[in-house]
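*Asks:* The primary structure of each chain is shown beneath.
Number of protein chains: 2
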Amino acid sequence: MIKLGIFGSGKVGGSLGAWAAAKGDSVAFTAKHEASAERAARAAGHRARALPLAELARECDLLLLTAPFAEIIPSLAPFSADLRGKILVDVSNPITPDHRALTMGFSTSGAEEIARRFPESQVVKAFNATFAEIYAARRTEIHGQKITVLAAGDHEPAKTQIIDLIRRLGFEPIDAGPLANARYLEPLSLLNIQLGRVLGLGTDIAFTLLRKT
Amino acid sequence: MIKLGIFGSGKVGGSLGAWAAAKGDSVAFTAKHEASAERAARAAGHRARALPLAELARECDLLLLTAPFAEIIPSLAPFSADLRGKILVDVSNPITPDHRALTMGFSTSGAEEIARRFPESQVVKAFNATFAEIYAARRTEIHGQKITVLAAGDHEPAKTQIIDLIRRLGFEPIDAGPLANARYLEPLSLLNIQLGRVLGLGTDIAFTLLRKT
Numbered sequence: 001m002i003k004l005g006i007f008g009s010g011k012v013g014g015s016l017g018a019w020a021a022a023k024g025d026s027v028a029f030t031a032k033h034e035a036s037a038e039r040a041a042r043a044a045g046h047r048a049r050a051l052p053l054a055e056l057a058r059e060c061d062l063l064l065l066t067a068p069f070a071e072i073i074p075s076l077a078p079f080s081a082d083l084r085g086k087i088l089v090d091v092s093n094p095i096t097p098d099h100r101a102l103t104m105g106f107s108t109s110g111a112e113e114i115a116r117r118f119p120e121s122q123v124v125k126a127f128n129a130t131f132a133e134i135y136a137a138r139r140t141e142i143h144g145q146k147i148t149v150l151a152a153g154d155h156e157p158a159k160t161q162i163i164d165l166i167r168r169l170g171f172e173p174i175d176a177g178p179l180a181n182a183r184y185l186e187p188l189s190l191l192n193i194q195l196g197r198v199l200g201l202g203t204d205i206a207f208t209l210l211r212k213t
Numbered sequence: 001m002i003k004l005g006i007f008g009s010g011k012v013g014g015s016l017g018a019w020a021a022a023k024g025d026s027v028a029f030t031a032k033h034e035a036s037a038e039r040a041a042r043a044a045g046h047r048a049r050a051l052p053l054a055e056l057a058r059e060c061d062l063l064l065l066t067a068p069f070a071e072i073i074p075s076l077a078p079f080s081a082d083l084r085g086k087i088l089v090d091v092s093n094p095i096t097p098d099h100r101a102l103t104m105g106f107s108t109s110g111a112e113e114i115a116r117r118f119p120e121s122q123v124v125k126a127f128n129a130t131f132a133e134i135y136a137a138r139r140t141e142i143h144g145q146k147i148t149v150l151a152a153g154d155h156e157p158a159k160t161q162i163i164d165l166i167r168r169l170g171f172e173p174i175d176a177g178p179l180a181n182a183r184y185l186e187p188l189s190l191l192n193i194q195l196g197r198v199l200g201l202g203t204d205i206a207f208t209l210l211r212k213t
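First to last, the sequence lines map onto chains R and A.
For the first sequence, this note's numbering assigns the number 1 to the initial residue and increments by one for each residue that follows.
For the second sequence, this note's numbering assigns the number 1 to the initial residue and increments by one for each residue that follows.
Chain R with its partners taken away, still in its complex shape:
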């Protein structure tokens, strides 16, 4: 029995599959183009092979779905009987071709609603994704790692002022682009709340952006 099936043999699927194979898993790749599945399998070494999707769906217990989101449901639909009880790991994201927006589930944000109502003001989204407890403790780092605070907005001078404020408080400011990116900053806050308050990690947590340079 093959352990790990990779549907989609691009950079994400190819890399994760080869890595898992290097860790000892047996891995099978499938892709829209057979040649790319075979290339991924060769790159992943002797514990990996290429298989048609029908066989992958039948033989693997665990499928990593790394193909573009739009291909996943139509491609897997004919094999739903084989997928019963199997684990499907959705690695995809439903994004537009320019990779700038989600294609479903998202239509606006609180910050954009405020900007729509006050069009002559300069709305910046910031400070919304870190726990109040961090602010109350004036904690700007955890284990020596700076906490990043993100700012999104359409008015550059206004955003620059907020970025200065973030820096003066001691955080690492990150320019998160236009105000529409509040659609990503607001969910980041919800994720933080889920982890800290719902799933029990507590409020001494914070997301930060690690950067190599």
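Simulated from the structure, these hints should not be mistaken for lab results.
Among the hints, a few may not be true.
Intra- or inter-copy, both count: the list cannot distinguish identical chains.
[As the list claims (entries may be wrong)] Derived SDA-like pairs: lysine to any residue, alpha-carbon spacing no greater than 25 Å straight-line:
| # | residue 1 | residue 2 |
| --- | --- | --- |
| 1 | 86 | 156 |
| 2 | 212 | 168 |
| 3 | 23 | 145 |
| 4 | 11 | 169 |
Got chain R; can you put chain A on it based on the hints?
*Replies:* Okay, now just chain A, sitting in the frame of chain R:
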């Protein structure tokens, strides 16, 4: 001219306002209950005072909106003329009273659509918010700080298997709760893409969750 107006004097507004005052800013607080604005102002020291919203809107150049989202637009609406040209920093999040979901803009996620179509399979959302380049380089940390990979799903044994895989690859796994939390993991990926590919930070970046303990 007062520099910083804080609308909402709860833990977020009170903490950020006091902190900015300690850094030398003059700060004014307003709140639904005058007493709480006065309490916040006292706690913030001599550079801070409490003001009615009308005066705050008139006198401050920069307003931090830390009140609950639902109160912001109705409260500020009468003062929109005074807010022209001002900076409004939206620190709020449009969330449900139990803090578990966003109240607008979000209705589903790719992972939930897959689960709906394959109800007898066990869908886990994972690996979707880190750049392929990180996987390709088998990089599990940046500057000595482990990268976290989040997994959300409704089937605990399936999620446990994925968490084991994340750990075996060398990342720090985080259980991100039910599959509906893919609504927060998918935007996290978009934020990552915005920062790395659109705003120019490159692909040697990764979000990680810092934890005190």
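*Asks:* Determine for every hint whether it applies to the structure shown.
*Replies:* Against the structure, the hints come out as follows:
| no. | hint | result |
| --- | --- | --- |
| 1 | 86 - 156 | between (49 Å within a copy, 13 Å between copies) |
| 2 | 212 - 168 | both (23 Å within a copy, 23 Å between copies) |
| 3 | 23 - 145 | between (30 Å within a copy, 22 Å between copies) |
| 4 | 11 - 169 | between (39 Å within a copy, 16 Å between copies) |
When each numbered hint is compared with the structure, no violation occurs for any of them.
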